[in-house]
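Build out the structure end to end from the sequences listed, making use of the hints.
As they're listed, the protein sequences go chains A and B. Counting from 68, one number per residue, gives the positions in the first sequence under this note's numbering. Counting from 2, one number per residue, gives the positions in the second sequence under this note's numbering.
Derived by calculation from the structure, the hints in this document are not laboratory data. Do not take every clue at face value.
[To be verified] Not close to chain A: a few residues of chain B, all C-beta gaps over 12 Å, as computed:
id	residue
1	20
2	62
3	65
[Said to hold, decoys possible] Pair by pair, the computed Cβ-Cβ distance ranges are:
id	chain 1	residue 1	chain 2	residue 2	range
4	A	90	B	51	30 to 36 Å
5	A	409	B	68	49 to 55 Å
6	A	501	B	62	24 to 30 Å
7	A	469	B	51	31 to 37 Å
8	A	352	B	62	34 to 40 Å
9	A	447	B	68	46 to 52 Å
10	B	61	A	134	20 to 26 Å
From the three backbone atoms N, C-alpha and C, an ideal C-beta is built for every residue, glycine too.
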Amino acid sequence: MYKYLVIGAGPAGVSAIEAIRKLDPSGEITQVADEDAGYYSRPGLAYYLTGEIPEDSLYPFADTDFVRLNVCQEKARVKRILPLEHRVDLHDGRQLAYNRLLIAVGASASATRVPGVDLEGVVKLDNLEDAHCILKFARKRRTAVVVGGGITALELVEAFRSRGLGVHYFLRGDRYWSNVLDETESHIVERRLKEEGIQIHYQTELAEIVGKGGKVAGVMTAGGDKIPCDVVGIAIGIQPRKGIAESAGLKTERGISVNEYLNTSDPDIFAAGDVAEVFDPTLGKPILDSLWGPARRQGYTAGLNMAGKNVPYYKGVPFNVTRLAGLTTTIIGAVGGRQDDADTVGIVRGDSEGWRQMPDALVAQADFDINRLRLLVGENHLVGALLMGDQTLSRAIHHLVFKKVDISPIRDKLVEKGHPVTDVIADFWAKINAADGKDNHAAIQS
Amino acid sequence: MGGKSVNRMPMNKRLSEETTKRQAIIEAQVVPDTSRCVQCGICSYYCPIGIDVRRHAWLDIPVLDSHCLTCGECIARCPRSVLRLDKNILFTASIEVMNKLHDKDLQKAGENV
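What follows is the structure, encoded as structure tokens:
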């Protein structure tokens with residue numbers, strides 16, 4: 068009986084199982100995960116924290132789905148992998164044999180080395196257990212300090228604010244998420260946060276967390292200011308959980324190194340999702356990202372290959388839609404930006420290194436109130452885009468970037484001032500679809 | 002018949018607006034853009050009929066359930082702009098098929114003449 072072993076209960080692991088079952092109806096699939104909650108939507112935690120959804124809603128699969136997939140699920144922690152023996156040892160002493168193995172264990176929040184980090188009331192947002200912690204502290208506390216950048220920092224800020232706490236958000240640099248957003252976009256987000264009553268402290272670095280009776284009582288900044296608070300949220304970046312692969316002698320760099328087939332340095336071991344550092348043939352280097360869509364597609368591709376296919380993972384264009392200070396924001400392709408952000412180290416959740424490739428591109432932008440469109444215009448196609456607020460054009464633009472549509476007919480109009488960029492794109496899109504015979508005007512706005 | 006006039010627009014214009022709105026709703030269904038979806042569950046949670054819209058986004062299929070009211074709640078609530086109302090391909094296909102059948106009938110009728 069062919070044995071497939073999947074370590075991890077996230078979208079990469081689950082998608083791999085779906086792919087394997089499609090090709091192999093009878094092989095034995097075992098899924099090992101150390102998280103009690105099993106498979107749930109990690110991005111949904113943000114909405115659970117603000118109270119938009121109850122906890123039960125976080126689970127996309129019911130037990131029946133796993134029964135239908137005929138998966139044996141084990142709640143256990145992997146102690147080590149023995150590639151030559153094709154065996155995995157669990158912490159409880161059990162040993163599991165495999166023919167093909169997938170490591171999809173994800174990434175975890177980077178720790179800060181600031182003194183006081185072990186006090187009660189210091190929180191992060193990696194998983195459901197962290198979300199429970201946050202809710203517990205938010206019930207009893209009055210003031211929060213959040214340190215970090217990217218999407219997770221705002222999720223912490225919004226979680227505390229929506230529960231009625233006063234929130235201080237420390238930015239080490241001069242603006243928010245400077246390695247993806249430009250100045251205007253950073254300021255849009257910051258202004259909205261301030262409107263919600265959040266206090267932003269610029270050029271402020273957390274130096275120490277001060278405690279009283281083992282609990283958080285306040286923080287000290289590098290500048291010597293003391294701010295009283297009862298809870299501290301840290302979101303300074305994440306790191307792939309590559310330890311288990313490293314110990315097994317697999318090739319790792321920042322994550323577990325895999326080729327376009329999601330294969331590690333061992334022919335029978337694959338890796339996918341946040342833990343994997345996938346070689347991108349177009350960029351010629353391995354890229355880390357922490358995105359749900361790629362995790363799912365990587366997992367699926369890995370599953371197909373584990374079951375005998377030889378399918379490369381087609382990366383497409385790095386793409387994410389998220390909510391920043393209540394504003395739906397789509398980030399597509401290469402949007403440029405600084406290589407480093409002062410508030411985070413390495414990658415953050417919902418981020419892609421692909422966004423930071425600096426294209427030789429011009430910028431075309433349109434601003435209407437809080438609707439912001441920034442296009443990165445290459446020689447004859449769009450290389451990237453960022454849309455904040457109104458999302459009407461996001462699908463069209465994604466298509467134009469992804470398919471490298473020749474935009475020479477409108478390039479000049481886009482870059483010259485005086486032409487409303489949104490209209491230029493909308494008209495161009497309509498023309499393309501009319502030519503294809505597609506009735507795109509059927510798309511109805513709600 | 003009688004009663005207060007709540008809308009000062011002429012009757013025929015009002016009817017035509019209502020018809021257009023209803024036609025738009027009838028012709029449309031909720032369509033997901035799967036690549037944006039993170040399976041958070043907001044859509045399914047807010048559906049007044051209890052349709053598992055989230056599962057449709059996972060499977061990349063439009064909501065074909067006839068119970069769907071096209072109320073737009075899921076579309077409005079999705080934090081990632083995954084869902085949209087788009088023209089219902091079922092009805093479009095029917096019209097095309099019916100036209101084809103009509104043409105075939107005419108052809109047949111022509112042959113017999």
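Structure-based check of each hint:
Consistency note on residue 20/B: stated as away from chain A, and its beta-carbon is indeed over 12 Å from all of that chain's, at 15 Å minimum. At roughly 15 Å from the closest C-beta of chain A, the C-beta of residue 62/B stays outside 12 Å, upholding its exclusion from the interface. For residue 65/B, the shortest C-beta to C-beta distance to chain A comes to about 17 Å, beyond the 12 Å cut-off, and the non-interface label holds. Remark: the range hint 30 to 36 Å for residue 90/A to residue 51/B is upheld by a beta-carbon distance near 33 Å.
Distance hint check: the CB atoms of residue 409/A and residue 68/B are about 51 Å apart, consistent with the given range 49 to 55 Å. Checked against the hint of 24 to 30 Å, the C-beta distance between residue 501/A and residue 62/B comes to roughly 27 Å, which is consistent with it. Separation of residue 469/A from residue 51/B is about 35 Å and conforms to the stated range, judged on CB atoms against 31 to 37 Å. Between residue 352/A and residue 62/B, the C-beta spacing of about 37 Å keeps the proposed range 34 to 40 Å intact.
A hinted range of 46 to 52 Å holds for the C-beta pair residue 447/A and residue 68/B, which are about 47 Å apart. For the pair residue 61/B and residue 134/A, the beta carbons lie near 23 Å from each other, so the given range of 20 to 26 Å is met.
Checked against the numbered hints above, the structure violates none of them.
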